[in-house]
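Engineer: Below are the chains, spelled out letter by letter.
Number of protein chains: 2
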Amino acid sequence: MTEENRIEKIIDVCLRRGFVNQSAEIYGGSSGFFDLGPLGTLMRQKLVDFWRQLFVLDNDNIFEIDGSLLLPESVFKASGHLDSFEDPLIQCKSCKSMYRADHIIAQNTGISAEGLSLEELDKIVEENKIVCPSCKGELDKARQFNLMFSTGIGPVSGNKGYLRPETAQNIFVNFKRYASFMRNKLPFGIAQVGKSFRNEISPRNFLIRVREFEQMEIEMFFDPEMANKFSLFDFVEDVEINIVTKEMQEKEWSKPLSMSVKDAVEKRIIPNQVMGYFIAMESEMLQALGIPKESFWFRFMLPHETPHYSGGNLDLEVKLSIGNVEIIGNAYRTDYDLKKHQKASKSTFTIVSNNKKVLPHVVEPSMGVGRILYTILEYCYREDESRTWSWFKFPASIAPIEIAVFPLMKKDGLAEYAQDLHLDLKDAGFVSFYDDSGKIGKRYARADEIGILYCITVDYESLEKDTVTIRDRDSTKQARVPIEDLEDVLDALLEEELTFEELLENQKNN
Amino acid sequence: MTEENRIEKIIDVCLRRGFVNQSAEIYGGSSGFFDLGPLGTLMRQKLVDFWRQLFVLDNDNIFEIDGSLLLPESVFKASGHLDSFEDPLIQCKSCKSMYRADHIIAQNTGISAEGLSLEELDKIVEENKIVCPSCKGELDKARQFNLMFSTGIGPVSGNKGYLRPETAQNIFVNFKRYASFMRNKLPFGIAQVGKSFRNEISPRNFLIRVREFEQMEIEMFFDPEMANKFSLFDFVEDVEINIVTKEMQEKEWSKPLSMSVKDAVEKRIIPNQVMGYFIAMESEMLQALGIPKESFWFRFMLPHETPHYSGGNLDLEVKLSIGNVEIIGNAYRTDYDLKKHQKASKSTFTIVSNNKKVLPHVVEPSMGVGRILYTILEYCYREDESRTWSWFKFPASIAPIEIAVFPLMKKDGLAEYAQDLHLDLKDAGFVSFYDDSGKIGKRYARADEIGILYCITVDYESLEKDTVTIRDRDSTKQARVPIEDLEDVLDALLEEELTFEELLENQKNN
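Just so you know, the protein sequences line up as chains D and S, in that order. The working numbering puts the first residue of the first sequence at 125, with every later residue one more than the last. The working numbering puts the first residue of the second sequence at 125, with every later residue one more than the last.
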């Protein structure tokens, strides 16, 4: 995944084929804002459903809520976002262009300047004689820029509100309600899927650094004394993950370690079993979505990369053509947020759980929908010598459209036969697409380009013998199947209980 | 549905049982903002899935997109929202309280003042000597208040953005992309589910008039010459709907007319078949969600209630305890929006569809998620003489939890048996809840209160004979069923292929 123009190629397919486009494109777009098109939206729904089944519905003690995006100032005063949710901004004195100070330093010097103070940043800029990348002008001193979008609520001026920069705050401020819903029995999790907003200084890299994005988050509350007696952990303790420890980062590291989550928790690389459970599940989930295991790892975050209250954070990072990118964050936020809101609101968040007074701790696995979708697009993108078109090797778990039905020709009743078949397959629950325009080869190419796994073609033999051909996206081979077996065969192929090679073998033997 | 305190009772259950709560409640809440709790979120997901299956996935020419909520100023300059998406605001000269002018007039005089000019409003206030409801002070002149929330995008000041007041604009501005995805073949629909924002002067009535809300919308584009040759219409033309015509509203009307959508289109009460199709589907959908047909109707909107470019709008209104409320709007927006954006962006939106140049017209069915959920809550809310608790008579299509599994006692292996059964039922796809705390009668009451349809109890006979009891929410009667038949019986009950009375009859006959 080192091809430099891979992101451009993917953006091109995304635009042409209805995956993603810039928001308000006809007005020149709005930097950092994107719309998911018809295919992107189908992928997003599959991703959210996959996550929801795995992390929420399968667990009796995790429930999902859906909170408001616009929250009053009091919430962010208490949470600390108003004071410190900011990035260092640096401006050119002559052309007035603005940059993120740590980014411009990294680009010019390779120094990782995240988390440095304004004074430290200014010093590096001065020492390295960094100038404005667009006009070579002198740069002003760095200053802090708050990343929250603010607005006024109601007709009375002065009543400020902010678009939430993370979904988590809705959950913390209503903690008492949710604890009561869960009958105060720890551990319990409150999940949320929804938009968050960060007014980034310089959005870039397509879906990676944007100003409006969707998160899938869980706040898992637990008694800190029970952090290593988390019953769900038993099911996943043997899962092997790739990990980058604190110690590895003190030297040059080239390859993550592979170890079981059990070992990682025992060695305190992962702070506790609660986070260990989520890390194991995330690793399994990404693989099921078509992202190869060797391409991602969990990196222990260094002190300057985490807030002061962190009990240990691990980011899931993936190797992309544009560099290593965090697509999931796992944060052990301890009881920091509940304490802050407890104090500011004069509430009591302590609960009596199993006959014991506890202020719960929280572990937060937080996933970016757009970043995961982009990662899937990059890892599934293919260019072959045998095809003149690009294609996506999506697994069925995430493919926006699974199968297509084509009549070989529009005439002689082939189109009607194919249309009926398409509707039957839809009724049977397949995500099917009907296409009768253009030559059959062109239709296969169009289907490959959006990652459709199997194309079913209705030809003259279909009319006579009630058989159709299935064309396999990955091998481009074709098999002929009786209509009466079609649904079972497609089911087995999509569920990966049958390979296309096996299907071809079976045919030969019959 | 005339009980005056019904809304308070529902709010009380919603808060206590995890359906809905105010956003940021611990800070005094934020007027017009709500969070869906665990049960509200499950209902919302069922509602969205129901809508998506019916209106999007079942139709080959309707696709869903997912656009950004924050859009640049250029979009709303072109759409007209910046100039005219406003409500008349009136302020008290002494206590400075603010009100929506037409609402304060309606409350004081019963005059429907929607759509009147500022001068007309001032005149009514003066003539009727309307004073401030809170301090009896003199009211100032009315002025316009724009309902959009504005914010600044990026670090450069002056780059304004607005939270979208409707989901539709994302679709219009990217019309070319979507037309191309649909290969320029009219008719086609672009759907969207997502949040919209309106800075209401005085939010009220719980989920009815809020500042942040979720919409399920479709923009159905068609060739205006084909407006009455809409093939989907054929499937629904005989559906009988309740309707209130323009003529009826010129007199006093007490009861809507019942007629087929076919008649309504032929009589031009519904502007065309495109809207006729959606109206028929909406009527069927609401009934399937537990809202009785006699409680709602489609009202033809009068000229002062629609924008000047409307080709005919019909609101679905429902009778609620707080008055008649619009929960779905059907708008024939003609080619107004495409024309406006075409001009402002200097693009061409004309497409060649079926060898003909067309600037498409659009019909927009727009549904409010919160309003529909509230309507379901009101119509399903029950108080019985036989029960000391309230309950919700949700149909399975919308019930947040369908079944519950209870062990009679926690001891003697009953809890383990029940827990295993619960997990098996979840695996089989039922939305099941396990509860072993408190007396069984109390557990039934708690289940009724959140509308669980069937409670399965594991008792000592279960251990001996592998049978369990099913308790029916609606009748409170119980039937004993062998474990091996349980899934089939539950399936048949939830799918309404079997009534509980029939189940009891079958037992007697065995």
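These are calculated hints, taken from the structure and not from any lab test. These numbers come from a predicted model, not from an experiment. Hints should not be assumed to be uniformly reliable.
[As the list claims (entries may be wrong)] Over 10 Å on every C-beta distance to chain S, these chain D residues come out as not near it, computed from the model:
hint: 1; residue: Glu188
hint: 2; residue: Asp190
hint: 3; residue: Val255
hint: 4; residue: Val280
hint: 5; residue: Ser469
hint: 6; residue: Lys517
[What the hints assert, rightly or not] List of simulated lysine-lysine pairs, DSS-like, C-alpha gap at most 30 Å:
hint: 7; chain 1: D; residue 1: Lys566; chain 2: D; residue 2: Lys550
hint: 8; chain 1: S; residue 1: Lys253; chain 2: D; residue 2: Lys300
hint: 9; chain 1: S; residue 1: Lys265; chain 2: D; residue 2: Lys566
hint: 10; chain 1: S; residue 1: Lys463; chain 2: D; residue 2: Lys550
hint: 11; chain 1: S; residue 1: Lys253; chain 2: S; residue 2: Lys265
hint: 12; chain 1: S; residue 1: Lys464; chain 2: D; residue 2: Lys319
hint: 13; chain 1: D; residue 1: Lys220; chain 2: S; residue 2: Lys284
hint: 14; chain 1: S; residue 1: Lys217; chain 2: D; residue 2: Lys284
Note that the Cβ used here is the ideal one computed from N, Cα and C, for glycine as well.
Engineer: For every hint, state whether the structure bears it out.
Structural biologist: Hints and how they fare:
no. : hint                : result
1   : Glu188              : 5 Å, violated
2   : Asp190              : 4 Å, violated
3   : Val255              : 19 Å, holds
4   : Val280              : 7 Å, violated
5   : Ser469              : 4 Å, violated
6   : Lys517              : 22 Å, holds
7   : D:Lys566 - D:Lys550 : 23 Å, holds
8   : S:Lys253 - D:Lys300 : 47 Å, violated
9   : S:Lys265 - D:Lys566 : 66 Å, violated
10  : S:Lys463 - D:Lys550 : 36 Å, violated
11  : S:Lys253 - S:Lys265 : 13 Å, holds
12  : S:Lys464 - D:Lys319 : 29 Å, holds
13  : D:Lys220 - S:Lys284 : 18 Å, holds
14  : S:Lys217 - D:Lys284 : 23 Å, holds
In this structure, the earlier hints numbered 1, 2, 4, 5, 8, 9 and 10 are contradicted, and the remaining ones agree with it.
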